[in-house]
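Participant: Residues per chain are reported as follows:
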Amino acid sequence: MSWTDLGWIVLSVAIFIGFITVVVLALTYAERKLIARVQQRIGPMRTGPFGLLQPVADAIKLLAKEDLTPGRSDKATFWIAPVVVFVPAFVAWVTIPFTRDIAIRNLEFGILFIMAVSGVSVAGVLMAGFGSFNKYAALGGLRAAAQLMSYELPLVVGVLGVVMIAGSMDLRVIVAEQDAVWYIALQPVAFLLFIIAGLAEVMRPPFDIPVAESEVAGGPFIEYSGMHWSMFSLAEYANTFAVAVLAALLFLGGWRGPAPESGWAQDMVQALWLLVKVSGMLAAMFWLRTTIPRLRIDQLMAVAWKGLLPVAFLNVLLTAFYLYYGWPAWTITAMSCGVMGGAVALYYRRRSARRGMPETARVRVERGRVVG
Amino acid sequence: MAGERGVETVDMLLNMGPQHPSTHGVFRMILKVDGERVEDAEAVVGYLHRGSEKLCERENYRQIITLFDRLDYISNFNNELVFCLAAEKLMGIEAPERAQYIRTIMCELNRISSHMMFYGAYGTDVGVFATAFMYGFREREVIQQVFEAVSGARMMHSYIRVGGVAQEVPADFVPRVRAVLSGLKRGIEECDRLLTRNEIFLGRTRGIGVLSAQDAIDYGCSGPVLRASGVPLDVRAAEPYLVYDRFTFDIPLGKSGDCWDRYWVRMEEMRQSISIIEQALTQMPEGAIQTPVAKFGFVKPPKGDAYVRAENPRGDFGVYLVSEGKETPYRVKIRAPSFCNLMALRQMVRGSYLADAVVILGSLDIVLGEVDR
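As you go down the protein sequences, you meet chains A and B in turn.
FYI, the working numbering numbers position 127 of the first sequence as 127, with every residue one higher than the one before it.
FYI, the working numbering numbers position 283 of the second sequence as 1283, with every residue one higher than the one before it.
Since the hints were made in silico from the structure, they are not lab data.
Be aware that one or more of the hints could be misleading.
One side only, chain B facing chain A, incomplete, derived with CB under 7 Å [as the list claims (entries may be wrong)]:
#1 G1127
#2 T1131
#3 I1200
#4 A1237
#5 D1245
#6 P1252
#7 A1355
Beta carbons: idealized from backbone N, C-alpha and C, even for Gly.
Could you put together the complete structure from these sequences and hints?
Facilitator: Set out below in structure tokens:
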């Protein structure tokens, strides 16, 4: 390898990290604005027109902050943890294509690579929890380990359905295969599994249990400040964006949409289509964040192991039957809807057997006298 | 302690508070946790102790009203009222009828704004990212504006005085409160839709922190905490004060005494308060707003003692007042409902999950200004 090659690599990595950082900054702004609207506020307005410079101001503040190390922390673990979370979040992006032709390096096992790499970040969160020498951090780290491990399974098994139908793990092939119909129609169960498990994987509400503000006050990240905290934050948003992009690629036809036949205009329009779909996914995720309470850790585990995993396996099984016998496409849709309906019905039946709807009473008071 | 497979495990002491986002002020819990399970909990109070009761012995009766504002700082009017009622009882006087109605309206409005505060804080406790909080505060804000128009202050009003209220309400008081109420009805419905029947919310609050009726009575709980356990005790009905014996309203009761019941009782109480205020607005007569006891000089109740209690948003708030016939009382003892309700915390938290401890504490709706006094 010559020096020019090395130079090119360094330059492209720098451009790439810069790109993701800009995306993350835009994401924080969009999230704050959208959440503000749900909460009947207007969100950031003071920094720049419509508060557009707010993320920049936030970034500058974080960079200028002092990096504190707790006195009795495990220094090495404490400082390496953000890197262990940060790197996989960015490496996963290597193989994610933005249009048919634009990807940093398309891999034949793209989706497998992404799943494998993002699995590493669990270690970083656990290290942060362990190295901080803080009981809240330790609790949060253990919660994170349990949660991320548990939700990896339904995530992977859910995506398996898509991979089976497409016959490839290459993201470009998966998108190309969605020529006639988007996979959300063929694999609605897998889509829901992916969204739920994806939210849990990036620790976003209602699955923000490891970092729950009102319980463990930030969890593994409680002792971090400044630059190192912002690395966690950057990784979180990069992952959130990745989940949204993957959902669009795997289920919503990726960059498919009316576009010119060739040339740079095609790339632009394709990227735009992807962006539209991703924005929709992100808006839904932000919306969930503002309106849904947090689950408890045992409920979270129950959802993963008793709910999502059996459904995921059932989905794989049905998809296998569908492919083996070569049934028409609508059968898999009907079967998936049946599975979902069945799962929901089962849940509600068990729930009402366990603890129905709450009962209440009231006593009437008339002119100071209790009349019953 | 040896675990199931002979692995040595130790319980961890987790210090929650006084600086923690969900201890609602400077409350501290020392939790003994086994992983996520809470084995035991110890409540530590006193971080906000200002010696209010002792200070009362030094101040004259009008100044004491300002101290009462600072006890339960979410429901200032209700606090002021109880002290003024105690002083009036000692002096054997009663405020004019119009003043009684104004007091009732302000206290019930304060109950709604206090419960809205609970709603917002509780939403945050169960993990709705600030939306419930903003909803609650949106409704509170219109009430606060009424408070400001009437008393001149958003908190610490010093509006209710011994023998009446400080000044006449603004000219547009009745239509304005009516408008606020109709807005509130809509607001409460919206708050209801956001949380009350949410599946995750039900999962987080149903069957959590169950307090049986007998336990609630034994611990001396009162207010929504007691009523959520199914005990129909409301001072407004049991020992009517002000003009509460002229209204018709419901006392909402829970059946199982869990966190959801405590939440629901408060939501329903807001609706009942609206109904009470509407009745009060139609009945409110014209006339004087003050008995001239305190116009000039100091209030000086005769020698003796009096105990008065009232239904505050957090429960049965009592004041025991001993006078030696001087300008300052000899002794003021406050029964703070938050403090008594807090006694049940340990039993409810024991054996629950760490995340439930937060939800249970939130459902008690304590205000540290009142707990620590």
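Participant: Give a verdict on every hint.
Facilitator: Evaluated hints:
Hint status for G1127 of chain B relative to chain A: holds, with the closest Cβ pair at about 3 Å, below 7 Å. The closest approach between the C-beta of T1131 of chain B and any C-beta of chain A is roughly 5 Å, which is under the 7 Å cut-off, so the hint is satisfied. Against a cut-off of 7 Å between C-beta atoms, the interface hint on I1200 of chain B holds, since the closest Cβ of chain A lies about 5 Å away. At a threshold of 7 Å, the smallest CB-CB gap from A1237 of chain B to chain A is about 4 Å, leaving the interface hint in force.
Hint status for D1245 of chain B relative to chain A: holds, with the closest Cβ pair at about 3 Å, below 7 Å. Satisfaction of the interface hint for P1252 of chain B is found here, the shortest Cβ-Cβ separation to chain A being roughly 5 Å, below the 7 Å cut-off. The interface hint given for A1355 of chain B is met, as the beta carbon of that residue sits about 5 Å from the closest beta carbon of chain A, less than 7 Å.
Hint compliance for this structure: every hint is met.
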